[in-house]
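Peer 1: Start from the sequences and build out the full structure, keeping to the hints where you can.
Quick note, the sequences are listed as chains A and B, same order. Residue numbers for the first sequence, in the working numbering: 38 to 144. Residue numbers for the second sequence, in the working numbering: 453 to 568.
These are calculated hints, taken from the structure and not from any lab test. Note that the coordinates shown come from a computational prediction; the quantities given were computed from them, not determined experimentally. Using N, Cα and C, we set each Cβ at its ideal position, and we do this for glycine too. There could be a bad hint or two in this list.
As the list claims (entries may be wrong) - Simulated crosslink set (BS3-like; lysine-lysine; CA at most 30 angstroms straight-line): (1) A/105 - B/496; (2) A/105 - A/131; (3) A/91 - A/131; (4) B/466 - B/496; (5) A/105 - A/91; (6) B/496 - A/131; (7) A/90 - A/105; (8) A/136 - A/90; (9) A/92 - B/496; (10) A/136 - A/105; (11) B/466 - A/105; (12) B/509 - A/136; (13) A/91 - B/466; (14) A/92 - B/461; (15) B/466 - B/509; (16) A/91 - B/461; (17) B/461 - A/136; (18) B/496 - A/90; (19) A/105 - B/461; (20) B/509 - B/461; (21) A/131 - B/509.
Said to hold, decoys possible - Short derived list, chain A residues pointing at chain B, Cβ under 8 angstroms: (22) 79; (23) 80; (24) 82; (25) 85; (26) 86; (27) 134; (28) 135; (29) 136; (30) 137.
What the hints assert, rightly or not - Derived, one-sided and incomplete: chain A residues facing chain B with beta-carbon distance under 10 angstroms: (31) 44; (32) 45; (33) 48; (34) 50; (35) 51; (36) 72; (37) 84; (38) 96; (39) 97; (40) 125.
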Amino acid sequence: KNEVEQSPQNLTAQEGEFITINCSYSVGISALHWLQQHPGGGIVSLFMLSSGKKKHGRLIATINIQEKHSSLHITASHPRDSAVYICAVLRDDKIIFGKGTRLHILP
Amino acid sequence: NAGVTQTPKFRILKIGQSMTLQCAQDMNHNYMYWYRQDPGMGLKLIYYSVGAGITDKGEVPNGYNVSRSTTEDFPLRLELAAPSQTSVYFCASSSLTGGSSYNEQFFGPGTRLTVL
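Peer 2: The following block contains the structure:
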């Protein structure tokens, strides 16, 4: 079993829908990182969390340390949100990446 | 600022050839990383560096070497290319702040390497 599991693996939705991507991990961590990988391959950092909730524009990230779970939400989704969303956790100075969730927003 | 730059963008190698993937950052970050991303798999850490002159192995270091002679540059060397090294390689950097051992990482655009 992977130490970082993301769900769903693939998600197709209509423009305007509320999107939730989940990340579960099986080890104690000190931080969790959400990243976005564009269709062209570039990777950008979205959020770093160690507790609670963070919001940036239409993106919201939450983390529940006790349940070892984080969610990334996108409100009013748009075709330009189509990308692979990657969860990464830091454990004992080791960074572990999930396999990513491929999101496709239809116009 | 250019951020993190990588060259080349694409490369095809024959088995047994050698090459160096270049990575540079202009943000004065002390931490730098090399990852590989195989299709359908998560990023895997190859090597990392916490500062000039200091490097350490990540999860998948075999077949690779690195050096960090300056803060800005972190080249990755493949000595004897093998088909298993066909992948997309990403370099990243971050700064150590606030006593945290991990901070937001800034990624380069990637190098797509094919070994035939």
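Peer 1: The structure should be examined with respect to each hint, and the outcome stated for every one.
Peer 2: Now for the hints, and whether the structure bears them out:
1. Restraint check: the Cα-Cα separation between residue 105 of chain A and residue 496 of chain B comes to about 21 angstroms, which is no more than 30 angstroms; the hinted pair holds.
2. Only pairs whose Cα atoms come within 30 angstroms are accepted, and residue 105 of chain A paired with residue 131 of chain A is accepted, the gap being roughly 17 angstroms.
3. A threshold of 30 angstroms between alpha carbons decides the hint, and for residue 91 of chain A with residue 131 of chain A the separation of about 23 angstroms falls inside it, so the pair holds.
4. Distance check on the hinted pair: residue 466 of chain B and residue 496 of chain B sit about 23 angstroms apart at the alpha-carbon level, within 30 angstroms; holds.
5. Under the criterion of a C-alpha separation no larger than 30 angstroms, the hint pairing residue 105 of chain A with residue 91 of chain A is consistent with the structure, at around 17 angstroms.
6. With a CA separation close to 11 angstroms, the supplied pair residue 496 of chain B and residue 131 of chain A stays within the 30 angstroms bound.
7. Straight-line distance between C-alpha atoms of residue 90 of chain A and residue 105 of chain A comes to about 14 angstroms, which keeps the hinted pair within the 30 angstroms bound.
8. Under the criterion of a C-alpha separation no larger than 30 angstroms, the hint pairing residue 136 of chain A with residue 90 of chain A is consistent with the structure, at around 23 angstroms.
9. Restraint check for residue 92 of chain A and residue 496 of chain B: satisfied, since their Cα atoms lie roughly 28 angstroms apart, inside the 30 angstroms limit.
10. The hinted pair formed by residue 136 of chain A and residue 105 of chain A meets the criterion: a straight-line CA distance of about 17 angstroms does not exceed 30 angstroms.
11. Annotation: proposed proximity of residue 466 of chain B to residue 105 of chain A is violated, straight-line Cα distance about 44 angstroms (limit 30 angstroms).
12. Note on residue 509 of chain B and residue 136 of chain A: the hinted pairing holds, with a Cα-Cα distance of about 21 angstroms set against a maximum of 30 angstroms.
13. For the suggested pair residue 91 of chain A and residue 466 of chain B, the alpha carbons sit about 47 angstroms apart, so the restraint of at most 30 angstroms is broken.
14. With a C-alpha separation of about 33 angstroms, the suggested pairing of residue 92 of chain A with residue 461 of chain B is violated against the 30 angstroms cut-off.
15. The suggested pairing of residue 466 of chain B with residue 509 of chain B holds, with an alpha-carbon distance near 25 angstroms, which does not exceed 30 angstroms.
16. Between the alpha carbons of residue 91 of chain A and residue 461 of chain B the distance comes to roughly 34 angstroms, so the proposed pair goes past 30 angstroms and is violated.
17. The suggested pairing of residue 461 of chain B with residue 136 of chain A holds, with an alpha-carbon distance near 23 angstroms, which does not exceed 30 angstroms.
18. A threshold of 30 angstroms between alpha carbons decides the hint, and for residue 496 of chain B with residue 90 of chain A the separation of about 27 angstroms falls inside it, so the pair holds.
19. About 37 angstroms separates the Cα atoms of residue 105 of chain A and residue 461 of chain B, which puts this hinted pair outside 30 angstroms; it is violated.
20. A threshold of 30 angstroms between alpha carbons decides the hint, and for residue 509 of chain B with residue 461 of chain B the separation of about 24 angstroms falls inside it, so the pair holds.
21. Of the pairs offered as hints, the one joining residue 131 of chain A and residue 509 of chain B holds, with about 11 angstroms between alpha carbons and a cut-off of 30 angstroms not exceeded.
22. Given hint, residue 79 of chain A at the interface with chain B, holds; its Cβ is 5 angstroms from that chain's nearest Cβ, closer than 8 angstroms.
23. For residue 80 of chain A, the interface hint holds, the least distance from its beta-carbon to any beta-carbon of chain B being 4 angstroms, beneath 8 angstroms.
24. Evaluation of the residue 82 of chain A hint against chain B yields a held restraint, the C-beta minimum of about 5 angstroms falling below 8 angstroms.
25. Satisfaction of the interface hint for residue 85 of chain A is found here, the shortest Cβ-Cβ separation to chain B being roughly 5 angstroms, below the 8 angstroms cut-off.
26. At about 11 angstroms, the closest approach between the beta carbon of residue 86 of chain A and any beta carbon in chain B exceeds 8 angstroms, and the interface hint on this residue is violated.
27. With its C-beta approaching chain B no nearer than about 4 angstroms, residue 134 of chain A sits inside the 8 angstroms limit, and its interface hint holds.
28. Satisfaction of the interface hint for residue 135 of chain A is found here, the shortest Cβ-Cβ separation to chain B being roughly 6 angstroms, below the 8 angstroms cut-off.
29. Proximity of residue 136 of chain A to chain B holds as hinted, the smallest CB-CB distance being about 5 angstroms (cut-off 8 angstroms).
30. Interface restraint check: residue 137 of chain A against chain B, minimum CB-CB distance 7 angstroms, threshold 8 angstroms, status holds.
31. For the restraint placing residue 44 of chain A at the interface with chain B, the shortest Cβ-Cβ distance is roughly 14 angstroms, beyond the 10 angstroms limit, so the hint is violated.
32. At its closest, the beta carbon of residue 45 of chain A sits 14 angstroms from a beta carbon of chain B; the interface hint therefore is violated under the 10 angstroms criterion.
33. Look at residue 48 of chain A: its Cβ only gets to about 16 angstroms from chain B, farther than 10 angstroms, so that hint breaks.
34. Because the smallest distance between the Cβ of residue 50 of chain A and any Cβ of chain B comes to about 21 angstroms, over 10 angstroms, the interface hint for this residue is violated.
35. Restraint check, residue 51 of chain A versus chain B: the minimum CB separation of about 26 angstroms is more than 10 angstroms; hint violated.
36. Of the supplied interface hints, the one on residue 72 of chain A holds, with its beta-carbon coming within about 8 angstroms of a beta-carbon of chain B, less than 10 angstroms.
37. Because the closest C-beta pair between residue 84 of chain A and chain B is about 9 angstroms apart, less than 10 angstroms, the hint holds.
38. Checking residue 96 of chain A against chain B by beta carbon gives a least distance of about 15 angstroms; that is not within 10 angstroms, so the hint is violated.
39. The restraint placing residue 97 of chain A at the interface with chain B is violated, with a minimum CB-CB distance near 17 angstroms, outside the 10 angstroms limit.
40. With a least beta-carbon distance of about 8 angstroms to chain B, the hint placing residue 125 of chain A at the interface is held under the 10 angstroms criterion.
Violation of the numbered hints given earlier is confined to hints 11, 13, 14, 16, 19, 26, 31, 32, 33, 34, 35, 38, 39; the remaining hints are satisfied by the structure.
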